[in-house]
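A.B. asks: Each chain, written out:
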Amino acid sequence: MAGLRAFAAAVPLSMLFALSPATAQTPPTESIQIGLSTDAISITAGFSGADLTIFGSLENPDPLVARQGRYDVVVVLEGPPRPVVVRRKDRVLGVWINLDSETFENVPVSYSVATTRPLQDIADPAKYKQLSLGAQNLYLKPADATDSPATIEEFTAALRERKAATGLYSENVGGVQFLSQNLFRATVRLAPNVPVGTHKARAFLFKSGMFVKESSAQLEIRKSGFEQSVFRVAHDYSFLYGVFAISLAMLTGWLGRLIFRKD
Amino acid sequence: MGIYLPIAEISVNVFVLLAMGAAVGFLSGMFGVGGGFLITPLLIFYNIPPAIAVATGANQVIASSFSGALSHFKRGTLDFKLGGVLLAGGIVGSTAGIYVFALLRRLGQLDLFISLLYVVLLGTVGGLMLVESLNALRASRSGAAPVLKKSGQHNWIHRLPFKMRFRASKLFVSVIPVLGLGAGIGFLSSIMGVGGGFIMVPALIYLLKVPTNVVIGTSLFQIIFTSAYTTLVHATTNQTVDVILAFLLMAGGVAGAQYGAKAGQRLRGEQLRALLAMLVLAVAIRLAVDLFVTPPNLYSLSAAGLN
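As you go down the protein sequences, you meet chains A and B in turn.
Sequential numbering of the first sequence, starting at 121, is according to our numbering.
Sequential numbering of the second sequence, starting at 27, is according to our numbering.
Don't read these hints as lab results, they were simulated from the structure.
Keep in mind that a hint or two might mislead.
[Stated by the list, open to error] Stretch-level coverage of chain B by chain A, calculated; a stretch enters the list once three of its residues show a Cβ under 8 Å from a Cβ in chain A:
id	region
1	233-239
2	279-289
[Unchecked claim] Under 8 Å between C-beta atoms, here's a sample of chain B residues computed to sit facing chain A:
id	residue
3	Tyr-30
4	Ala-89
5	Ser-93
6	Gln-135
7	Leu-138
8	Thr-150
9	Gly-153
10	Ser-200
11	Leu-258
12	Thr-262
13	Val-269
14	Ile-270
15	Gln-297
16	Tyr-325
Beta carbons are placed, not taken as given, at the ideal position from N, Cα and C, and that holds for glycine.
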C-alpha cells in the first residue's frame, strides 16, 4: 500500500516538471476516453444476450479526488433511434381495445447503462435530466407536443417500463470498476433482442457530483449467419423471396404427397 | 431443439412447430380443410406476432392445398373454369384485404380485428355445423333415412344476370355470386391467413349448388392461387412471411394430412362434421376469452411510421 501511495505521489510531481510554468498555475482539467476493441460486433442465430466490456481511462485525474473515490463514471450503450408508438388498451363493451396512443420520436431501441455507484448517489436528478442520462431520465420527445402533460407523462412512463420489461433498457450498478487511478472497465448488457444497427457508446465523467466531460465511440451491431441472410433477402429482394416461399410450399406439398401417400 | 426465426425474430422449438404442423395436417386431411384457421391462432398462442402468423399461415396453406388439389386433379374432380372465376374475384378481394391489413396495422387495431374476425366467423360456422350435424346424428340414430337435398332447387342467386356455363360442375349460374364469393374468401385469406375452405365449401354446396364431389377439389385449386397471391403481397409490402417457420409447419403438415385422410375414411360424415364443428368452436371460444380477459399489460409498443 505504501508503495502504491508513493507511486501516486510521484505522478503529479513528474507531470509538474513536464509542464511549462504558465499552465502549472491552473490544474489541468480532467477528461475521459473510451476505447472499443472492435467497431463492429456480429451476433449469431443462437445469441441469448451477452456482456460487452468497454475500457476507458481518465486523463489528468486529481489523485486526491481519485483516492477519495469522488470520481464517478457512467457508461451508456445506446441503440439506434427509432420512432415508437405507445398504445393503451381500454375496455369498450367488455372488449380490450387499443384506444389512446402517443408517438415518440427518436427513441433509442436499446439503452444499457453501467455505473460506478447507484445513479442517485452520483449526482442529483436535475443533472441527469439536463444531460438526458439514464433510462429514467432519458428525454423522450413526443411527436405531438400539444397533448396534455399528464398524458405525455403517463405514456413516457409506460414506454420506459415496457422497454425495461423486455430487457432493452437496463442498468448495471457497479458495472464500472476502476482498475487503477486512470483505467476503468465498464460492463454493459446486450439484451438477447438487441437491435441491429449503429450503437453509440458514451462515457460520462462526474467529479464530486458535478458533470465534467463526455466521450463517445460508435459500435456497429449486426447479425450474422443464415438467419441474417434470410432476413436481408426478405427485405431487399422481397418479391423474389415471396416467389421462393410459394415455390417451396408447392414443392413441399408435392413431395409430401409422393412420400406419405396413403390412397 | 431451438431455432431462431429470422423474420419473427424469436427463438422457438423445432419439434413444437413440427408437431403443431402434423396435428393440424392430420385434422385438415381428416376433414378436408386447409387448416389455416387452426394454424394462425395456434401460432398466435405460441407468441408469434399476429402479422407474421397471418402471412406465414397463408404460405403454409399453399402446401396443403397444392397437395390436396393434386389428388383431386388426378381423380378429375376439379372444375378449372369455376376455379378460375373464383380466383379472379379472389385476387380483387385479396388486394383489398392487404390494403386493410396495412391500414389496421398502422392504426394499431390489427390484432383486435384478426381476433374479432376469427371469433365471429369460426363461432358462426362452428355453431351452424354443430347444429346441423347433431340433427343428422339424431336422425340417423332414430332410424330415419337421411333427407337428401333436392338438386335443381333454385334460389334468388339463380335469377341474377351474366350467366355462365360450368360444364364440369353441371352448372349454369350468374358470375356475380361466384366473383363475390371469390372476393370474400380472398379478403379473409389476406387478413386472417386462412385459405377459406371452411367457408368456401359450404357456400359452393348450399348457395351455388355445385355437386359435392367437385367442390373440395375446386375450392383447393382456387385456394392455392389466392394464398400464393396473399403470400407474395405480404412478402413484398409487409415483409412478414417467415419461410423457416412456414417450412417447419408444412413439413409436419403434409405428413399429417395423409394419415388424417386415412383416419377420416373410418368415420361417418355427420360424426366428422360434429367433431370439426366442436374443434372450430373451441378455437373461437379460446380467442373470445382473450378479448375479454384483462391483459397483463395495458400498454404496448410498436414501431411508428411503417412503410
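A.B. asks: Each hint: holds or not?
C.D. replies: The hints, checked one at a time:
1. 233-239: violated (count 0)
2. 279-289: Holds, because 8 residues of the region 279-289 of chain B bring their Cβ atoms closer than 8 Å to Cβ atoms of chain A.
3. Tyr-30: holds (4 Å)
4. Ala-89: Given a least distance of 4 Å, the restraint on B/Ala-89 holds.
5. Ser-93: Given a least distance of 4 Å, the restraint on B/Ser-93 holds.
6. Gln-135: holds (6 Å)
7. Leu-138: It holds, given that the least Cβ distance between B/Leu-138 and chain A is near 6 Å, below 8 Å.
8. Thr-150: Not OK, violated: B/Thr-150 not within 8 Å of chain A, min 18 Å.
9. Gly-153: violated (20 Å)
10. Ser-200: violated (32 Å)
11. Leu-258: Constraint on B/Leu-258 satisfied, holds at 4 Å.
12. Thr-262: Interface hint status for B/Thr-262: holds (4 Å vs cutoff 8 Å).
13. Val-269: Holds - the Cβ of B/Val-269 comes within 8 Å of chain A, reaching about 5 Å at its closest.
14. Ile-270: holds (7 Å)
15. Gln-297: violated (20 Å)
16. Tyr-325: Result: holds, 4 Å to nearest chain A Cβ.
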